[in-house]
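Student: Here's the letter readout for the chains.
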Amino acid sequence: MISALIVYGTIAAVLSYSMLYWLKPNWRQSVERPKHIFQRQLEAYDSRQEPDESDP
Amino acid sequence: MSEVLYADTVTAPIPPLRPREHERPTSSPITYSALIRAHGIAAFTALMLAVAFGILASLQFVLPELTSEIASWGRLRFAHTQGIMLGWLGNSFIAFLYFAVPILSGRPVTSEKLGWFLFSLWNFGVLLPGWLLVLNGYSQPLEWAEFPLLVDAVMIGGLSLAAVQFLPGFFSRGCETLYVSSWYIIGGLVFSLMSFPMGNIAPEFIPGAAGAAFSGLWIHDAVGLFVTPMALAILYYVIPASTGRPVFSHFLSMLGFWGLFFIYPLNGTHHYIYSAIPMATQTVAILASSILGMVVVVVVSNLMLSLRGAGWLAKDPALRFASTSVLFYLIVSLQGSAQANMGFSQTIHFTDYVIGHSHLAMLGFATFAGISGLLHAWQKLDDAPYHAGAINASYWLITSGITVMVSDLTLAGLVQGELWNAGAPWVASLRASEPYWIIRTLSAIPITTGFGLLFYGLLKGPKGAGARELAEAKVAINQVQPSNSSDSPQSPLKALRMSYIAASVAGVTFFIFSVSLLGLLPKSTLKDQIEALAPVANLELTVSEHRGRRIYAKEGCAYCHTQQIRFIDADIERFGAATLAWEDSMETPHMLGTRRIGPDLSRAANTRTGQWHFAHLFAPRSVVPTSIMPSYQKFFEGSPTRPRQEALDLVAYLNTLGRSRELAWPEGEIAMREATGNDQWTLMSLDARQLNAHPARTRPRGNAPSLQAQTPAQEGRRLWAQNCKGCHGEDGTGDGPAAPWLQPAPVNLTEHEYRSDLLADILWNGVYGSSMPGWRDHTPAQLAALIQVVQGFSDIEPSQRAGNIVLGAEVFQTHCSGCHGEAGNGNGSAVANLPIPIPPTDFTRERLSMAASLRILDQGVDGTTMAPWGARLSADEMHAVASYLQTLYQPEKEASE
Chain A
1 MISALIVYGT IAAVLSYSML YWLKPNWRQS VERPKHIFQR QLEAYDSRQE
51 PDESDP
Chain B
57 MSEVLYADTV TAPIPPLRPR EHERPTSSPI TYSALIRAHG IAAFTALMLA
107 VAFGILASLQ FVLPELTSEI ASWGRLRFAH TQGIMLGWLG NSFIAFLYFA
157 VPILSGRPVT SEKLGWFLFS LWNFGVLLPG WLLVLNGYSQ PLEWAEFPLL
207 VDAVMIGGLS LAAVQFLPGF FSRGCETLYV SSWYIIGGLV FSLMSFPMGN
257 IAPEFIPGAA GAAFSGLWIH DAVGLFVTPM ALAILYYVIP ASTGRPVFSH
307 FLSMLGFWGL FFIYPLNGTH HYIYSAIPMA TQTVAILASS ILGMVVVVVV
357 SNLMLSLRGA GWLAKDPALR FASTSVLFYL IVSLQGSAQA NMGFSQTIHF
407 TDYVIGHSHL AMLGFATFAG ISGLLHAWQK LDDAPYHAGA INASYWLITS
457 GITVMVSDLT LAGLVQGELW NAGAPWVASL RASEPYWIIR TLSAIPITTG
507 FGLLFYGLLK GPKGAGAREL AEAKVAINQV QPSNSSDSPQ SPLKALRMSY
557 IAASVAGVTF FIFSVSLLGL LPKSTLKDQI EALAPVANLE LTVSEHRGRR
607 IYAKEGCAYC HTQQIRFIDA DIERFGAATL AWEDSMETPH MLGTRRIGPD
657 LSRAANTRTG QWHFAHLFAP RSVVPTSIMP SYQKFFEGSP TRPRQEALDL
707 VAYLNTLGRS RELAWPEGEI AMREATGNDQ WTLMSLDARQ LNAHPARTRP
757 RGNAPSLQAQ TPAQEGRRLW AQNCKGCHGE DGTGDGPAAP WLQPAPVNLT
807 EHEYRSDLLA DILWNGVYGS SMPGWRDHTP AQLAALIQVV QGFSDIEPSQ
857 RAGNIVLGAE VFQTHCSGCH GEAGNGNGSA VANLPIPIPP TDFTRERLSM
907 AASLRILDQG VDGTTMAPWG ARLSADEMHA VASYLQTLYQ PEKEASE
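Line by line, the protein sequences give chains A and B. Per the working numbering, the first sequence starts with residue 1, numbered consecutively. Per the working numbering, the second sequence starts with residue 57, numbered consecutively.
Chain B on its own, in the form it takes in the complex (with noise of 0.2 Å):
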């Protein structure tokens, strides 16, 4: 056998040291079992709860009609994160406090009486109430802090309540003796208690890039301060407890616990890379990310050396569950420091890459950790049942669900982030994320199966027996690996006493440091900037389009939809100019969101018809066929033509997302270039190709690539269903499920010929005025093939010169001349000096059939100036000019000779 080496046993022996007064054990049978139950069933309650919103959340994407009928998307998503994060992780961590503290510290925590009213706290004045607002659509856009104000004041509350419990037994001993587990529950809770307030409230009252950037701390201080050292801890404790050794090393321990919490609160703005947050700034986080990886490996490595012996597969559950915690540990934290990277950021942000990352952190390392402590602390209660058959099982249904539903993201984002970054139609992402989200969505099964097999087996089977299975467990690995138990040091030197207060100092102050870099300092920098660059008159929202912007928040559009055009080249591209910090420096709290489903709505003003916004919030799969949004009813009175006044003022709210740009130019551009000097990140804003290049945008007419059909024409029929078929109908008759909603009505292409060149117009612009909007995010061949199947659609009669054409010829020079042009190309004399909203049609390059004409003369066309000439014309009259129509229209053929 060999000879276990730890890492204070290379020097020579040391006598036993006898322990002082105050280092012996005083550790008693557990006195808090009740409250360890109670929090151990509210956790897995919140768990189950949590999930339930979750696979709600994830069904949207497979099943986009289903939770529409429920809760909207945002909500669930906001009660699923806070659920976890709160409710399960906050219950379970607690749980294990109540086992771990007494023994750690030697000392009872403070009172049982303020236990209880912890747990009510946590559970009845935080967690449920949460809930219950989010879903009733209280909360605040804010990641990781969805909860409203009212409930994070409580949350702070139950922060200290739970400081004043659990950390005065540490302090009645020195710190020298600390256990590395005890040195991150008290680091964990003193600084949640100092991040939590900064992360919650200051985003509320911070606008724009500046609250981001606050924002981003809490994102990772959520991660970093509370949920990673709460579970480190647990594997400190377990680890040790269950192998029966002490930990490979706690010089590393202690290295990565100070590490750790010195770098951890610099991470945070990499969450906004790219965005309008000073690049400095950026650069910080991202050297940040790359030590604190270094920091995870020593953390990590000294966690695998205290695991040997006992396998990955150890027999102990619970030492299990850590091992395997351990293990994502790493694989999280290392994906992070690559995220972090500027390179693979711009393929990676925004996409289910950090999804899969998300889960892997929460749902992973977290969880499994926690699981690891509640199960580490049921297996010494006396009288708790313990069901070993349904623990093991659910080991495995819960990690298989888990790799499979991080793997799963992992690719769809590797997938998401190319095709955005090839300039694909954004619709190509969401159809080819369709697999990976059913996979995402059926890898529920195995979790929540594995979830509710855990919770059975810690609530069902004979009492005691997690104990016997945890001796069993324990005598294995000591075979394997014996303890060396004569190693014990002498005792602890007075400077080393003196360095952990000093660290803990130093601690404190660099989260201060942190804050003051990442969070004040671009705030500052930014509010230089906005006084620079921003126009001296800056629009400010309406009171319809404020209640918008509320709107828009509790339904968490934020997090699908960014607003935030990132300084890379793919982003302007697709989107236009990259947003610049004066931009929102009016949006309180900031909405620049960090994750992409559908696109981003920076410059959304403008860009579609009110018709087309409340068609689309209605039944968005009318107007947009592959759309996975849901659909906003609610906001109807049973019709996209009956909108409510919610519906009107979160169309009002998007119709100013990029408006204070817009008006800004092209005055304002120069201005901006005169004041902003040399910053590059300003420059590359201002000198965006286009400002606004959303490419459904309607333009005027012209500057149409010439389109040549490269493409097979079942390609074409694919692009007409994913695209077009909602308003114009299956066969192009005009009446898809979004044609009655809107003026003018889609066009019956059966009724049409139309000229190459002027479809190719039409396609790449837009009808401006109407809600065909461009499609410019298609290639030429893509359109081109659609030209094809439009020019397919048409049904109409052969052109034919009969009828009384110098009848006709006389009454369209009268009547219709003015706008349609006296050559009838759509261009007369009204059109420029009118506002004529939709461009009237031009007869040479669309013909219409007799019967189409017949009855636009007759009825006109909704929605257009183009007016019922039904009582001023005669019958003969109205033949005559829809014979005369017939005469104008000049065939590809005939104009290119």
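With the rest of the complex left out, here is chain A (with noise of 0.2 Å):
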């Protein structure tokens, strides 16, 4: 039984967050949304970390 229950709530799971994620497209961008702020996060690093070449 334990087992079954394993089995239908891991399918349930995915199959709802698949789903919201395929069907409500705000859902969708707000779920990738992360990746691009840490995306910018990273340039943002990079670029204070970049020698200012305004310094004499």
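Simulated from the structure, these hints should not be mistaken for lab results. Just to be clear, a hint being listed does not mean it is correct.
To be verified - Quick partial rundown of chain B residues pointing at chain A, CB under 8 Å, derived from the structure:
#1 L184
#2 V303
#3 S572
#4 L573
Unchecked claim - Ranges of calculated distance between the beta carbons of each label pair, as one might list FRET restraints:
#5 A:I2 / B:V561: 16 to 22 Å
#6 A:I2 / B:P768: 54 to 60 Å
#7 A:I2 / B:S695: 53 to 59 Å
To be verified - Here chain A is said to cover these stretches of chain B; the calculated rule only asks that three of the stretch's residues, wherever they fall, bring their Cβ under 8 Å from a Cβ of chain A:
#8 150-164
#9 342-352
Glycine included, C-beta positions come from ideal geometry on N, C-alpha and C.
Quick one: dock chain against chain with the hints and give me the complex.
Tutor: Set out below in structure tokens:
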């Protein structure tokens, strides 16, 4: 019984998460948003690390 | 140039997003470079030492005398695995966290001072004392949890400090904007804090199979909830940082994250398939292992799609290590799912296949991720030396070395498993493994050289060269696959925030569920089963046996010898009835073991004599010429005949293994059958043909198979050299290296003539009361070949019916027939009525030379009830008896007529 619960629970969770992702564009964009934020953070970090060429 | 489609760009274009205040990057140039360097250097130092321990442990397999002089094999293995997990991976992960967490969270870590305290605690409060203690024999025999309880307590402090140091920054922002690496870091630290005490402390206090259930959870959680999350955090960080493009899909990465944290904790019991742990629990673990394989495919697909354009052999070494780590992760995870399959498990469980798997996980997937993270951080340190040539060369050396090692161990495991299933003698698997073990040790050369070069590359070389290399590599990738940076999506939904909170609560709940399902539930089930089946008065260990058990534990004997006969035919045929939970219900901590290099010891009691054990512990190859067991001369005063208390205690403990079940037989078996009802697994154990099927255990004479020589003589000589020469000597003269330590001394076969049927009987049943074991794990053809070899050693004069036979017969009937029987067939009245441990000689089937007969009559035989008659019989009488004995012998032809 527990095994069946795990299998069906996993399938249900994956399906509901996937359906939500597929049918709700706003949800999809929200889920994907962190990777863009992270990318900007990386770029910002790199730009701050580069030496300022205006410095004498 | 083809258009790049990212997972979130399949809808209409979305207007650029203006970041909200709390999402603006706040990262600043690295302020923790000293801590990164400190942990990086500690990581590589620990790695080199842990690898050295591993090499020494591997040498035991090819040069078995070597490590006995340095430290015992078990202790080296403890230091090796704990060093890799806590010293190398732990430090490299922390180094990466100091670099990545401020960027990921946009906040500094809690405190630099706390950082130095954590560094000291991790290395000088956990790793160093842990190593010193296990190498000096203070340890717990629990896989991946060998450091003793005191160090465990410090480790829990270390994990708590790490959580305080790295996590607050993440919680200052909304969960909905957390990047997947942040999730893995949070998950890794939180779940390690929960699983470490469960796996390191609980099994110390829970006996037998119930304790093993918790151990199994930790074996898997150590990899699944500490190492894997940290490694994946690095991969999800380095790939986009190095390629300059976001990961393919954050949706898939989060699906993988939650899948991993929900499913991983349910896998643990698959380390004990077919054990006494309830089968329902095992089934859950097997099922979860299959689901986990699917989750990993999702994770790897996402990472591989994120690597598009970078190629497997990216120019940036950090990215190259990351992409290879992804590949290793896929292989090792699918291997893990396959290993949990019950059919496959029967063959590969306990073999080197699993050792190959664990090396691929820790030294392949996790180490490559760790290197990738360290390299990436190093490249960003302005003043860090960076030798590109050395680092690039190291990649090839380490990759080739690990590929060879894992392939080699995988093949070795398949060979070992097939030989075990086929019922071949145990030493056959050792002999077949030899070439694989040599290759395994040799594979350490490129791996160690690679690690050394990598370390060198991070210590020497032009400063800032890493940053230049990374920039060039990033330009090269983006020329192939430009980033689509105009697809910034809309602001997050509030519902998403709630879903992450719900998932976090569910993750923790699921971990508790896993511990309940795979730990507490089996404990309760086993308790009921033990109460129903165990004898009313189970014999407890004596003080000496307890001490022996502690020695067994600290020397790591459980890492080569299992104490669980699995519920499978091959195990039951070889070792006897499958181990029921109540049999080790007083073993705290459990010693079930997960690897068999030597045979299972569940039923070791009374299979060997004390002298054999002493000789075997002192000089294993003296009694088992092809053994690779370490010698434990430290337990003796220079000779097996002078055992110290440790040796006496250890042998006392060995003689308790299987004792309870044996003492309960046969009434206990009948009672168990009544109590168990229809439980098929218990019935399988009760229905076993023999309770103790150890092939070497001596038995009363009889029931030997009929042996007909079908094997070439050369094969007989080979078998002799592998099995017999340790005691009887190369030429059968009874002067093998173990001979001086055994009583009665091994027979000088040149002085004897044996009939084949007697030799068949001796080889099949052994000689009860002596160190001559049975050889029932050999085929009848092999035993027949050995008989030919033994008969070939005989160098005695032809039988002469001369001398005073009448006087000899008189003396024999007066003094000898009580033991040897009136007809001289070794079946005198005393044999049945007195405790005579060793059967008297059957002179109808065995003839001694005149010289041997006279010597034995005069001096007796040490270690037997054969007394010296020199003081009681005259020389003439002894000569007459020796002559009379010649007349008793009935050669095979005569006997058959």
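Student: List in ascending order the numbers of the hints, as given earlier, that are violated by the structure.
Tutor: 1 and 3
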